[in-house]
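With the sequences and hints as input, model every part of the structure.
Chains E and H are the protein sequences, given in the same order. Quick note on numbering: our numbering labels position 258 of the first sequence as 258, and the sequence is numbered without any gaps. Quick note on numbering: our numbering labels position 341 of the second sequence as 341, and the sequence is numbered without any gaps.
Hints listed in this document are in silico derivations from the structure and should not be mistaken for laboratory results. Be a bit skeptical, because a hint or two may be false.
No copy is singled out in the list; a pair is fine if it fits within one copy or between any two copies.
[Unchecked claim] With a straight-line Cα cutoff of 30 Å, these simulated DSBU-like cross-link-like pairs (lysine-lysine) come out: (1) Lys242 x Lys164; (2) Lys300 x Lys224; (3) Lys137 x Lys224; (4) Lys278 x Lys2.
Protein chains: 2
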Amino acid sequence: MKNMLDDIPSILLMGPGPSSVAPATYHALSRQSLGHLDPTFIQIMDEIKAGLQTLFGTENALTVPISGTGSAGMEAAFVNMVERGDKVLILQNGVFGQRMADVAGRLGAEVTELTFPWGTPVIVDQVAEQLKKDDYKIVAVVHAETSTGVRNPVQEIGDLLRGKDTLYLVDTVTSLGGIPVEIDKWGADIVYSGTQKCLSCPPGLAPASFSPAAVEKLQSRSCKVPNWYLDLTMLTKYWEGKTRVYHHTAPINMLYGLYQAIWNVLDEGLENVYARHKAAHERLVAGLADMGWQMLVEEKYRLPMLNTVLVPEGVDEAAMRKELLDTYHIEIGSGLGPLAGKIIRIGLMGYNAQDCCVDRLLDAMRKITAK
Amino acid sequence: MKNMLDDIPSILLMGPGPSSVAPATYHALSRQSLGHLDPTFIQIMDEIKAGLQTLFGTENALTVPISGTGSAGMEAAFVNMVERGDKVLILQNGVFGQRMADVAGRLGAEVTELTFPWGTPVIVDQVAEQLKKDDYKIVAVVHAETSTGVRNPVQEIGDLLRGKDTLYLVDTVTSLGGIPVEIDKWGADIVYSGTQKCLSCPPGLAPASFSPAAVEKLQSRSCKVPNWYLDLTMLTKYWEGKTRVYHHTAPINMLYGLYQAIWNVLDEGLENVYARHKAAHERLVAGLADMGWQMLVEEKYRLPMLNTVLVPEGVDEAAMRKELLDTYHIEIGSGLGPLAGKIIRIGLMGYNAQDCCVDRLLDAMRKITAK
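Below you can see the structure in the form of structure tokens.
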């Protein structure tokens with residue numbers, strides 16, 4: 001019987017995620033499974049929690065990986081925190097802000113979207129104006145908009161909310177492990193991420209963290225969380241305390257992968273990791289400029305790990321991406337929504353934020369466009 | 001920096017799941033990641049769907065793995081199919097029937113539970129009586145109750161529902177790949193499973209299948225599915241058709257694991273797999289009887305892959321389980337709810353449904369109880 005896994009090509013994943021996985025993390029995924037209540041496994045869980053606290057820059061006790069991909073993190077954030085009729089303000093400048101509005105709306109939230117042109121950041125003064133107009137239970141923003149390559153001013157938005165009753169929700173799917181994430185400093189209450197970006201672990205888990213204020217909201221809900229699988233009141237009984245109560249069977253081997261991915265980042269050191277992402281990004285931008293390619297986003301708002309590059313007149317970006325994949329075994333991403341066809345998206349995430357990856361891509365792009 | 005993964009002990013997982021993983025499946029998990037829209041990966045997705053159709057005994061086009069553990073499959077089943085006020089009848093004789101009631105209730109279903117003593121099967125005549133009392137949108141049952149070791153009469157219940165508008169939901173988390181699952185023959189409309197039982201793949205995915213009638217219900221909903229992450233109307237656009245539309249980033253390497261796990265089962269042959277489970281079960285029951293241990297469940301309703309064994313007077317089952325784990329490196333499970341302390345649960349799932357595993361466990365139990 002033919003087995004397709006034997007034919008998996010070796011592709012350099014330089015799109016918007018998943019990113020290429022570090023060898024040690026692949027190895028971790030294939031370690032012997034343990035039971036979800038095994039004492040050794042519970043110790044691994046505890047170390048994952050502690051590692052995530054360091055990565056997130058938080059002392060939040062409720063810091064756990066959700067058993068689904070990054071989007072399950074978004075779902076968990078809203079479904080635990082929103083009750084029907086709650087006013088939610090979403091600062092939207094890309095696909096993932098749009099997704100937040102969809103997720104929250106389905107849960108019965110009264111959603112207001114404050115939108116900004118894709119490729120530009122959220123403007124803090126406009127947020128301040130909007131906050132005068134109404135009281136919101138939650139204000140939500142994406143730290144690193146994967147669809148546009150924009151870094152939003154999460155600290156400044158957090159400063160506006162300080163002292164208010166409003167919970168501050170920040171999506172850090174693409175930023176965690178690539179640029180500083182300091183959720184306690186920002187005053188963020190509800191935060192989630194993914195494993196398949198700068199942590200260079202395959203997709204499948206969503207690290208998340210909830211502040212004491214968020215936990216209070218959770219505990220004072222007037223009805224049960226309308227999602228059994230993601231109900232944090234039950235998940236915490238499995239992830240915390242001396243006696244662990246079975247909820248759902250944890251994704252054991254994916255958690256090994258996350259453990260190793262966190263280990264890799266902490267072993268290298270967070271500052272070194274951030275510097276490596278920055279250096280690779282600068283090398284890429286300089287190389288692209290040499291070729292005459294310009295970036296979509298103004299320099300000060302650019303993400304190092306997600307580079308949105310304007311496609312020059314006369315270049316067929318879809319054909320280039322296909323040739324990159326087929327001939328050079330490099331995957332990059334296309335533009336989404338209004339940016340489809342206008343930009344390409346180049347990921348320099350985690351293990352791939354290296355000079356050699358940048359050079360391999362630039363070299364291939366030069367060869368393709370020189371024809 | 002110390003790495004806990006280096007200290008993972010090698011444990012024979014003979015509890016209620018996760019089960020021990022086949023070597024080829026561990027290897028699959030550590031294969032090179034691909035992008036979630038990579039052409040090779042899409043072929044792998046198509047083969048997974050086809051393999052699941054064979055395992056489930058169905059021609060349902062909508063047969064896909066949900067990106068979460070078995071409980072996410074349960075969540076997906078109800079959240080896509082239930083609208084507020086829908087009457088749902090749950091045939092409950094264990095923890096997972098209880099869980100169904102909780103899941104459905106949170107989604108606004110009007111839940112009726114028809115309960116049966118734990119350790120005994122659903123009685124078909126009582127279901128027939130109940131069906132005369134009201135019209136239900138959904139009737140739900142667990143095929144293989146992991147908490148009690150009971151096989152419920154899913155074919156006979158399905159026969160009661162034939163020709164009715166009622167959708168028939170069957171949980172096959174523990175049965176799939178261990179005893180025949182024939183959802184088209186049963187007339188089941190909504191079915192889900194897990195990877196960590198008889199497929200011997202780590203937890204993290206929930207194979208699921210939906211009949212044309214279930215798809216019709218999905219498409220005629222009066223409001224959006226109140227769960228973005230598990231919304232099948234969007235998931236199908238990623239899993240079906242010529243042009244695949246990104247929804248959430250699929251858990252790539254877990255899907256490699258599932259691909260291999262399905263491959264293992266089909267390569268051995270479904271009938272051979274079922275026979276192996278049956279033989280291992282019979283060997284276990286005979287060995288236990290020799291020791292004077294009796295089964296909880298009447299013979300004709302016993303599950304081969306989940307053996308519930310009455311703890312004889314004078315045996316401290318918690319101490320025995322601890323010694324099995326610490327000294328013999330074998331994990332078995334405890335009883336849940338009203339069965340806590342009264343039974344142990346021995347899994348013979350997938351890769352572990354082998355004579356050598358049965359003998360290793362029996363030998364260890366003999367040594368412990370002889371002291």
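Checklist entry - Is the C-alpha distance from Lys137 to Lys224 at most 30 Å within one copy, between copies, in both cases, or in neither? => result both (18 Å within a copy, 23 Å between copies)
Next on the checklist: If the cut is 30 Å between Cα atoms, do Lys278 and Lys2 qualify within a copy, between copies, both or neither?
Outcome noted: between (43 Å within a copy, 28 Å between copies)
Checklist entry - Given identical chains, is Lys300 near Lys224, meaning Cα to Cα at most 30 Å, within a copy, between copies, both, or neither? => result neither (43 Å within a copy, 39 Å between copies)
Item to check | Up to 30 Å CA-CA - Lys164 versus Lys242, copy category | outcome: For Lys242 and Lys164, the Cα distance exceeds 30 Å both inside one copy (34 Å) and across copies (49 Å).
The earlier numbered hints that this structure contradicts are 1 and 2.
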